[in-house]
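Asks: Could you build the full structure based on these sequences and the hints that come with them?
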Amino acid sequence: MDIKTASSLHRLRLISAPEAVSFILLLIASVLKRTTEFNAVPALGMIHGVLFILYVLFWADAWNRTKWDLKTAAVYFVLSVLPLGGFVAERKLKRAADDAVIASRARREGVAKA
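Residue numbers (this note's numbering): -15 to 98.
Rather than coming from a laboratory, the hints here were simulated on the basis of the structure. There may be inaccurate statements among the hints.
Unchecked claim - The following label-pair restraints were derived from C-beta to C-beta distances:
#1 D53 with I(-13): 19 to 27 Å
#2 L41 with G94: 32 to 40 Å
#3 E21 with V62: 34 to 42 Å
Said to hold, decoys possible - Derived PhoX-like pairs: lysine-lysine, alpha-carbon spacing no greater than 20 Å straight-line:
#4 K(-12) with K76
#5 K55 with K78
#6 K55 with K76
#7 K78 with K(-12)
#8 K(-12) with K51
#9 K76 with K51
Every value quoted in this text rests on a predicted model; they were computed, and no experiment measured them. Don't be surprised by glycine CBs; every beta carbon is placed ideally from N, CA and C.
Replies: Written out as structure tokens, the structure is:
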């Protein structure tokens, strides 16, 4: 995996959790708006909107660089629209990054011994 691909996956991973948190906070604010006088929906909606757009941009970049198949790309996109999906996406991306590091080290050690 080259550095640009790793960077695009890292950016997607970094935006996943904040996007999920903003989505949950927006859902809570929506409920509070309807049940109390508290109305944080405009502010939280803007924050969530910006984070969601960043997630989609980083997702598209990661899809382009990693050459994911349609199923993998769709899974990461669907995770962005589920309330806790960003946390799942972050965990899957971290696991994939760790696996890539392990594979890279194994290849490097295999080459060094040859």
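Asks: Which numbered conditions among the earlier hints are violated in the structure presented, ordered from lowest to highest?
Replies: Nothing - there is no hint that the structure violates, so all of them hold.
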